[in-house]
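Trainee: Respectively, the protein sequence lines represent chains A and B. According to numbering that gives the first Met the number 0, the first sequence is numbered sequentially starting from 0. According to numbering that gives the first Met the number 0, the second sequence is numbered sequentially starting from 0.
It is worth saying that the hints were derived from the structure and are not from the lab. Treat the hints with care, as some may be off.
You can't tell identical chains apart in this list, so a pair holds if it fits in one copy or across any two.
Below 20 Å or equal to it, Euclidean Cα-Cα: the simulated SDA-like pairs (lysine to any residue) are [claimed, not checked]:
1) K44 - T55
2) K339 - H31
3) K22 - E35
4) K194 - L2
5) K44 - D288
6) K44 - L58
7) K22 - M66
8) K25 - D71
9) K44 - E287
10) K378 - L300
11) K194 - A159
12) K22 - V67
13) K44 - K140
14) K194 - A156
15) K140 - T7
16) K22 - T117
17) K378 - G212
18) K140 - A161
Protein chains: 2
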Amino acid sequence: MRLSNTITTITGGGSDGWDLFIKARKMISEGHDITELTIGEHDIKTDTRILEAMHTAALGGATGYAMVPGIDDLRNAVATRLAARTGVPTTLDNVLITAGGQAALFAAFRAALDEGDTALYINPYYATYPGTIRSVGGVPKAVTAEADNGFLPTFEALDAAAAGAKALLINSPNNPTGAVYGRDTLEAIAAVAIKHDLIVISDEVYDTQVWEGEHISIRSLEGMNERTFVVGSMSKSHAMTGSRVGWLVGPDEAMSHVLNLLTNTNYGVAGFTQRAALFALGLGEAFEDEIGAPFQRRRALAQKALEGQNAIRLSQPSGAMYLMLDIRATGLSGDDFADKLLMERHIAVMPGESFGDAAAGHVRIAMTIPDAPFEAAIKEIAAFAANLA
Amino acid sequence: MRLSNTITTITGGGSDGWDLFIKARKMISEGHDITELTIGEHDIKTDTRILEAMHTAALGGATGYAMVPGIDDLRNAVATRLAARTGVPTTLDNVLITAGGQAALFAAFRAALDEGDTALYINPYYATYPGTIRSVGGVPKAVTAEADNGFLPTFEALDAAAAGAKALLINSPNNPTGAVYGRDTLEAIAAVAIKHDLIVISDEVYDTQVWEGEHISIRSLEGMNERTFVVGSMSKSHAMTGSRVGWLVGPDEAMSHVLNLLTNTNYGVAGFTQRAALFALGLGEAFEDEIGAPFQRRRALAQKALEGQNAIRLSQPSGAMYLMLDIRATGLSGDDFADKLLMERHIAVMPGESFGDAAAGHVRIAMTIPDAPFEAAIKEIAAFAANLA
Chain A
0 MRLSNTITTI
10 TGGGSDGWDL
20 FIKARKMISE
30 GHDITELTIG
40 EHDIKTDTRI
50 LEAMHTAALG
60 GATGYAMVPG
70 IDDLRNAVAT
80 RLAARTGVPT
90 TLDNVLITAG
100 GQAALFAAFR
110 AALDEGDTAL
120 YINPYYATYP
130 GTIRSVGGVP
140 KAVTAEADNG
150 FLPTFEALDA
160 AAAGAKALLI
170 NSPNNPTGAV
180 YGRDTLEAIA
190 AVAIKHDLIV
200 ISDEVYDTQV
210 WEGEHISIRS
220 LEGMNERTFV
230 VGSMSKSHAM
240 TGSRVGWLVG
250 PDEAMSHVLN
260 LLTNTNYGVA
270 GFTQRAALFA
280 LGLGEAFEDE
290 IGAPFQRRRA
300 LAQKALEGQN
310 AIRLSQPSGA
320 MYLMLDIRAT
330 GLSGDDFADK
340 LLMERHIAVM
350 PGESFGDAAA
360 GHVRIAMTIP
370 DAPFEAAIKE
380 IAAFAANLA
Chain B
0 MRLSNTITTI
10 TGGGSDGWDL
20 FIKARKMISE
30 GHDITELTIG
40 EHDIKTDTRI
50 LEAMHTAALG
60 GATGYAMVPG
70 IDDLRNAVAT
80 RLAARTGVPT
90 TLDNVLITAG
100 GQAALFAAFR
110 AALDEGDTAL
120 YINPYYATYP
130 GTIRSVGGVP
140 KAVTAEADNG
150 FLPTFEALDA
160 AAAGAKALLI
170 NSPNNPTGAV
180 YGRDTLEAIA
190 AVAIKHDLIV
200 ISDEVYDTQV
210 WEGEHISIRS
220 LEGMNERTFV
230 VGSMSKSHAM
240 TGSRVGWLVG
250 PDEAMSHVLN
260 LLTNTNYGVA
270 GFTQRAALFA
280 LGLGEAFEDE
290 IGAPFQRRRA
300 LAQKALEGQN
310 AIRLSQPSGA
320 MYLMLDIRAT
330 GLSGDDFADK
340 LLMERHIAVM
350 PGESFGDAAA
360 GHVRIAMTIP
370 DAPFEAAIKE
380 IAAFAANLA
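The shape of chain A in the complex, shown without the other chains (with noise of 0.2 Å):
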C-alpha cells in the first residue's frame, strides 16, 4: 500500500515512551508481583449509579443516532459547567461533545492546523501531544519547561519558538508534572499567544484535582476566550476513562466548523453514554471531591515518606494524579533508575524521559493503587535511591 507520509511519520520515529510499562506488564504476566505505578487510571471503577443512569437511558431508548453536537441537556451541563469556571459566557453553541478528551484534542489541532503548520507544546509532555499534531500534518515544537523552575514554561521560551507557529498546546493542571500554572504563567502564556495570534489549545482534563492553589482557565483571560480552545473530559474528574465522553469548548463560530469535522470523522458519540455523563455531572462537586480524594491523600502520604532524605526531591506536585520526582543526586538517568527499580525492587514506574528530555533524570509516579501499598512503594523508592545516592 502506498501509506500516507502523515500516518507513517505519527510516531516521529523514535521510541513512545511506553518501553518500562511494556516490560512490567510482560514480567506480570509472566508471574511477577509488580506494584504498578505507571498508569493515569482510577483504582477504583465506574460509580454503580452512573452505570444504572446509562442503562436506565439505553432501555429507555437512548440507542439510535445521537444528534452530531452532543445532546443539549449535556450540551447546556458543560456550558454552565465551564462560564461558572472561568466567567466567560458560554452557551451550547460554544460545546460540543467529543469521543473522550483525545477526540476533542484531535478536532481543535485540526481546526487550528493545515499540513505543514507548526504546534507548539511544552515540554514534558502528555506521550500523545505530538502525535495528535502529526495526525493533522503538523509539525510539533516542543518548548521546554525547566524541572528547575517548576515545570513552568516561561514567557521568554515560548515567544523564542513562536515566530510562525499557529497554535500552542498547554495543560494544566499537569501531566505528567502535576504542575498547576498559576495567573503569572497563563498571562506570560496569553502574552505569547496575542502577540503570535496563536490559537490555544487548553488540556484541562485534571481541572478537578488541584491540591495547592486554584485551577485558573487561560479562557478567562482577557482577550483569550476568542483563540482559546478548552479540551475537558469525564474521564479523570468521574472515574469515566473508559466511557470516551468528552468535549471541546471555544468560539461559536470555530464551533461551527468543528461541527462539520465531527460530522465526518465520528459521527456523534453514544446517547447513553452522554446520558451517563450527565447524570454524572449531576452529581455535583462533592462527588468530584471524592474521586480526587485518594490522590490529595497519597500526595500527602508519599511527601511523609519522602521527608528527611536527599536523594530524591518531590517536584511541587500542586494537582493531578501524579507525582514527579527528581532523582537526579543519584546520577541516574529516568531510563535507568525506572528500569533498575523494576528489576530489583519489582515497582514500575515511568521514566521521565518518557515525557520529554525535559524530564530526564526524573520519574513520575502515578498515585493510582491504595494507600498503604502506595506508602510503602513510596518508602522503598526512596531506600533505593538513598542506596544508589
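Fit chain B to the known structure of chain A by using the hints.
Mentor: Just chain B, lined up with the frame of chain A:
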C-alpha cells in the same frame, strides 16, 4: 481565530443536502403530521439482550481504558467474520475497532492521503464521503455511476478519472441507491485500482442486507487484499446505530500505522460497548436476518404497490434499507418533487440530488417505518407522481 483552511472547507461550500430533512423536522416540531422516509435508522431500538450484555460488562468492571486496538475477543470475532465472508485469512492483527464506521472511514482516508492527494468516490454517494476526504486535506473527485446503468460504476469512467489519484472509495450494498455490485463490476474496479496503484476503501456496512444476488467483498478478488481497507460496523446489521462501534480491516502492516492514528486521535472505544458488540455478533446470522427482514419485506410491498404505473421507475434495489425512485417521467427534479410531496402530501423523502447529481431526478426512500404506513406512503407517492406526469 486563524482557523485552518482544511476545517473551513470541509463541506465544500454548497448545501449539505439536508435542507429537505431539516424542513420536514421543522414542520413536525410545529405540529404537522409528517411521514418520514428520510434517514437510515431502523424503526426498532437496539435489542434489550444486547443492552443487558453491555450493562453486565459495565458492572463487571469494563469501565477503564480499553486497549486502543479494541478488545482481543471482538477483534477475533470480526476477523473470523471477515475471513468467512471474504475467504481471505484474517487475524486480529488485521482488525482495529473504531468508534463507528464513520471513524473507520476517516482512519482509512488518513492512511491513504496526504494534503492535496486525490481520492475518487462514486456519485451518487453517502453524504459524508467528500467531507471525510476533505477532513484529511484530500481532494474528493466524483466518478459518476449512471442511473441508466443501475448506478454501477464502469471501468471506463473510473479509468478516465484515476490518473494521479491515491485512493478509491466504494460502497456496496450502496447507500443511497440500493445497488449491490456484482462480480463484473468489482473486477472492473479492481482492474482500475491495480492499474493506477490505488488504495481501495470498501464501505461494507450494509453487507448483511442483500435482497438480490450476493454480497462480494472486493477484498476477496485477486491482488486486492493487499490494497484494500474494509469498513464495517454494528450499526446497520445489528440495529446498533447509536452504540458507535465499527471496525477497519486491512493488511497488518498498514494496520500498525492506523493504530498509531487511533492512539493519537481517539484513544480507544468504550470496553462495555465493545462487549455489547461481541455479544451481538454471537447472536449469529439468524439475528442479522431478523434485523434486515423488515427492509426486504417493505421492498416487496413497494414493488407491488408500484406495479402497473409509469410515473415512477423503481431502480434495482438489491440491498440496504433504501429505495431509489426514478421520477424523471414527472418532469420534476428530485428537489422539486420532494419539496412538493412534503408540502402537499406531508411525506418526507430525500431528493436524489442530496447524494450527488448522478441521482438527479430521483428520490430516496428509507424503508424505516412500519409496513402499513410504509405501504400507504408508497401508494400515496405513486398517486402523487401520476398526477404530475
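Trainee: If a hint holds in the structure, say so; if it does not, say that too.
Mentor: Now the hints, each set against the structure:
Taking the shortest Cα distances, K44 and T55 sit within 20 Å of each other both inside one copy (19 Å) and across copies (14 Å). Only within a single protomer do K339 and H31 lie at most 20 Å apart by alpha-carbon distance; the minimum there is 15 Å, versus 72 Å between protomers. When the C-alpha separation of K22 and E35 is checked against a cutoff of 20 Å, the pair qualifies only within one copy, where the shortest distance is 11 Å, while the shortest distance between copies is 56 Å. Proximity of K194 and L2 under a CA criterion of 20 Å is satisfied inter-copy only: 17 Å between copies versus 38 Å inside one chain copy.
When the C-alpha separation of K44 and D288 is checked against a cutoff of 20 Å, the pair qualifies only within one copy, where the shortest distance is 16 Å, while the shortest distance between copies is 37 Å. In the homo-oligomer, the alpha carbons of K44 and L58 lie at most 20 Å apart only across protomers (9 Å), although the nearest pairing inside one protomer, at 22 Å, exceeds that limit. Within a single copy, K22 and M66 get their C-alpha atoms only as close as 42 Å, which misses the 20 Å cut-off; across copies the closest is 16 Å, which meets it. Taking identical chains as interchangeable, the C-alpha atoms of K25 and D71 lie at most 20 Å apart only when they sit on different chains, with a minimum of 17 Å there against 44 Å within one chain.
Taking CA atoms no more than 20 Å apart as the test, K44 paired with E287 passes inside one copy only; the shortest distance there is 14 Å, against 33 Å between copies. Within a single copy, K378 and L300 get their C-alpha atoms as close as 10 Å, which meets the 20 Å cut-off; across copies the closest is 75 Å, which misses it. Taking the closest pair of Cα atoms, K194 and A159 come within 20 Å of each other only inside a single copy of the chain (12 Å); across copies the shortest separation is 50 Å, beyond that limit. In this assembly of identical chains, the alpha carbons of K22 and V67 lie at most 20 Å apart only when taken from different copies (18 Å versus 40 Å within one copy).
Proximity of K44 to K140 under the C-alpha cut-off of 20 Å is found in neither arrangement, the shortest distances being 36 Å within a copy and 47 Å between copies. In this assembly of identical chains, the alpha carbons of K194 and A156 lie at most 20 Å apart only when taken from the same copy (14 Å versus 52 Å across copies). Taking CA atoms no more than 20 Å apart as the test, K140 paired with T7 passes inside one copy only; the shortest distance there is 19 Å, against 24 Å between copies. Within a single copy, K22 and T117 get their C-alpha atoms no closer than 34 Å, and across copies no closer than 42 Å, so neither meets the 20 Å cut-off.
Proximity of K378 to G212 under the C-alpha cut-off of 20 Å is found in neither arrangement, the shortest distances being 27 Å within a copy and 70 Å between copies. Taking identical chains as interchangeable, the C-alpha atoms of K140 and A161 lie at most 20 Å apart only when both belong to the same chain, with a minimum of 9 Å there against 37 Å between chains.
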